[in-house]
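Peer 1: Based on these hints, arrange chain B on the given structure of chain A.
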Amino acid sequence: MSRFAPISPRETKIVKPDLSSYKFGFHTSTDKYAFKSGKGLSTKVVEDISSRKNEPEWMRKQRLEGHRIFKDKKMPEWGADLSSIHFDDIYYYLKPTNKEGKNWEDVPLEIKNTFDKLGIPEAEQKTLSGVKAQFDSEIIYGSIKKMLSDKGVVFLGMDEGLKKYSDLVREYFGSLIPTGDNKFAALNTAVWSGGSFVYVPKNVDVGLPLQAYFRINSPNAGQFERTLIIADEGSKVHYVEGCTAPAFTDGSLHSAVVEIFVKKGATVQYTTVQNWYKNVYNLVTKRARVEEEGRMVWTDFNMGSKVTMKYPGFILAGKGAVGETLSMAMAGVGQQLDTGSKAIHLAPYTSSTIISKSISKGGGRTSYRGMVSIGPKAHHSKSKVICDALILDPQSRSDTYPTNKIFNSDVTLEHEASVSRIGEEQLFYLMSRGISENEAGKMIVQGFADPLIKKLPMEYAVEMNRLIDMEMAGSVG
Amino acid sequence: MIKFINKPGNYSFTLDKKGQELEIVGRFHLTGNQVGRWDVEIIHSAPNTTSKTTIKGVVDGSARAFVDGIIRVFPAAVGTEAFLEERILLVSENAKAEATPNLEIETDEVHCSHAATVGKIDEEEIFYLQSRGIKLKQAKEMITAGFLL
Chain A
0 MSRFAPISPR ETKIVKPDLS SYKFGFHTST DKYAFKSGKG LSTKVVEDIS
50 SRKNEPEWMR KQRLEGHRIF KDKKMPEWGA DLSSIHFDDI YYYLKPTNKE
100 GKNWEDVPLE IKNTFDKLGI PEAEQKTLSG VKAQFDSEII YGSIKKMLSD
150 KGVVFLGMDE GLKKYSDLVR EYFGSLIPTG DNKFAALNTA VWSGGSFVYV
200 PKNVDVGLPL QAYFRINSPN AGQFERTLII ADEGSKVHYV EGCTAPAFTD
250 GSLHSAVVEI FVKKGATVQY TTVQNWYKNV YNLVTKRARV EEEGRMVWTD
300 FNMGSKVTMK YPGFILAGKG AVGETLSMAM AGVGQQLDTG SKAIHLAPYT
350 SSTIISKSIS KGGGRTSYRG MVSIGPKAHH SKSKVICDAL ILDPQSRSDT
400 YPTNKIFNSD VTLEHEASVS RIGEEQLFYL MSRGISENEA GKMIVQGFAD
450 PLIKKLPMEY AVEMNRLIDM EMAGSVG
Chain B
0 MIKFINKPGN YSFTLDKKGQ ELEIVGRFHL TGNQVGRWDV EIIHSAPNTT
50 SKTTIKGVVD GSARAFVDGI IRVFPAAVGT EAFLEERILL VSENAKAEAT
100 PNLEIETDEV HCSHAATVGK IDEEEIFYLQ SRGIKLKQAK EMITAGFLL
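Each protein sequence line maps, in turn, to chains A and B. Going by numbering that gives the first Met the number 0, the first sequence opens with residue 0, and the numbers climb by one from there. Going by numbering that gives the first Met the number 0, the second sequence opens with residue 0, and the numbers climb by one from there.
Just so you know, these hints were derived from the structure itself, not from any lab. Do not take every clue at face value.
27 Å max Cα-Cα, derived DSSO-like pairs, lysine-lysine [said to hold, decoys possible]:
id, chain 1, residue 1, chain 2, residue 2
1, A, Lys376, B, Lys136
2, A, Lys52, A, Lys98
3, B, Lys55, A, Lys381
4, A, Lys263, A, Lys144
5, B, Lys51, B, Lys2
6, A, Lys144, A, Lys35
7, A, Lys235, A, Lys43
8, A, Lys263, A, Lys101
9, A, Lys404, A, Lys383
10, A, Lys376, B, Lys51
11, A, Lys101, A, Lys111
12, B, Lys136, A, Lys381
13, A, Lys201, A, Lys182
14, A, Lys404, B, Lys119
15, A, Lys35, A, Lys162
16, B, Lys51, A, Lys383
17, A, Lys404, B, Lys55
18, B, Lys55, A, Lys376
19, B, Lys17, A, Lys404
20, A, Lys150, A, Lys163
21, A, Lys116, A, Lys101
22, B, Lys139, A, Lys376
23, B, Lys2, A, Lys381
24, A, Lys162, A, Lys52
25, A, Lys144, A, Lys111
26, A, Lys72, A, Lys98
27, B, Lys139, A, Lys383
28, A, Lys383, B, Lys55
29, A, Lys318, B, Lys119
30, A, Lys383, B, Lys119
31, A, Lys31, A, Lys94
32, A, Lys150, A, Lys43
33, B, Lys51, A, Lys404
34, B, Lys139, A, Lys381
35, A, Lys73, A, Lys111
36, A, Lys404, B, Lys139
37, A, Lys376, A, Lys318
38, A, Lys116, A, Lys150
39, A, Lys235, A, Lys383
40, A, Lys38, A, Lys52
For clarity, every value in this text was computed on a predicted model and none was experimentally measured.
In isolation and in its complexed conformation, chain A is listed as follows (with noise of 0.2 Å):
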């Protein structure tokens, strides 16, 4: 409806979702699979993919003990409801091949034919130092260009990571995200599997993108990947995630622990596009620890699942550190997604700045949920957070909760955030130039998103823009 129809009663009925447009929608049978658990999770379960991966006893430990975190954690009581996730209908572990494919042609078949119309393997030999696809909860595929990995730069899965460099993983795994930091890290750290495995040397520059692709390809099936980047002294490297999910009536569920580390003087760009289908639960844990001189940048897009629930963090531990948040969220018919960031400053001279955009329509639902907290260490630092909110109509709702914690008299902290629809001097200055009402509100929540997009290496930021465009189809007024 045009805002510039007349007034009429405000209407409060809640469209059904329309999917039809969702491109990654199809999925492939389950009956070839190497190994599917049951329904449910309990200690058996645990043990058996302990078991069936040939873990070290101390892994198998902190699973059972993540699992037994987790049965004693209560559901968090704030954020998204989460009451419809139902624990004992999610199989926990499908394994879809029994091995990783080092070349293209390894993969089976419908897995590739999978992968093939997500256009995965063309951008690689185009713009990636590396890949790895997981589907369900294995990674399926993975490579790495010979020229890094003669340098030393390890890009594995989780589990082989944990077969190969076990003293590395061991002295890292959880340290960052102790089992039990909160229900879902518990019960990722119970059931986890697949992700990948990052470590850049020293003074390494890893050029182009490392990118990982995760689909979940069955229905109610949970995808719990782990991943660990360290990259150390002086380092450089960019890993960038992408998800879909076909379109199943019953839920899946998501819930991923990542842990980065950030030696002194390295940086690390983590870049999200999440783009799963509007059944997905996305509950994500992550957070980077940034020793002195050290940068941690995330850049996270959240389009798609029901819900999402995600703060990435950063722990600015050295003096000098810096981290950033880029987060940009949109959320439809049928979406919530509370994200936000956490800046914790301990160190003297640290700078953290948080930008979040998010976008709400068609009742959805977006919230900010933040943190900073400077320390009683941490003088001379600097934080800036700002939000901004856009809501294209009256059902839609948006939310703001930061929390600002100052244990020290010689900081700077400034949050900044507003919310607004789109502005009718801006829309009748476009339309007053012969654009229509619709090409001009796109031409606003482009404009509005554009910031954020601009920091995205080229090709993700054309898939990103494209991605907003079809959201956009139609519904603004």
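Peer 2: Here is chain B on its own, set in the frame of chain A:
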């Protein structure tokens, strides 16, 4: 109408008459071991209502300030304009502050914003006053007084 909330406490204001306007002002100066907690809720439930909230405080000694504000805009409150500002000046090393400006917006035809800052006295302002022959202690007092205006 102007409401003052200079004392710590729980405050809730509802704008339920069409076109109602409300200004909320809070100023405080905490010293010693004082702990001040402000919970301020501003509810917009009628159309075309306007609220403006400014809370400013100076925290000295080892005092602690907690300022938790929330603007709620209900679906019926179209044409709402709401601003929430929380500014805290920490003048001693042991002073602590928490500023939480929340927004919950349930309709689209609104203009809402909030801002929060926590910081210390600007070195340059002190320098300027000192260069004019004003003693450090007095300079700090002048800046603090100016901040609370």
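Peer 1: So which of the earlier hints does this model not fit?
Peer 2: Hints 6, 7, 8, 10, 13, 19, 23, 26, 32, 35, 38 are the ones this structure does not satisfy, whereas the remaining hints hold.
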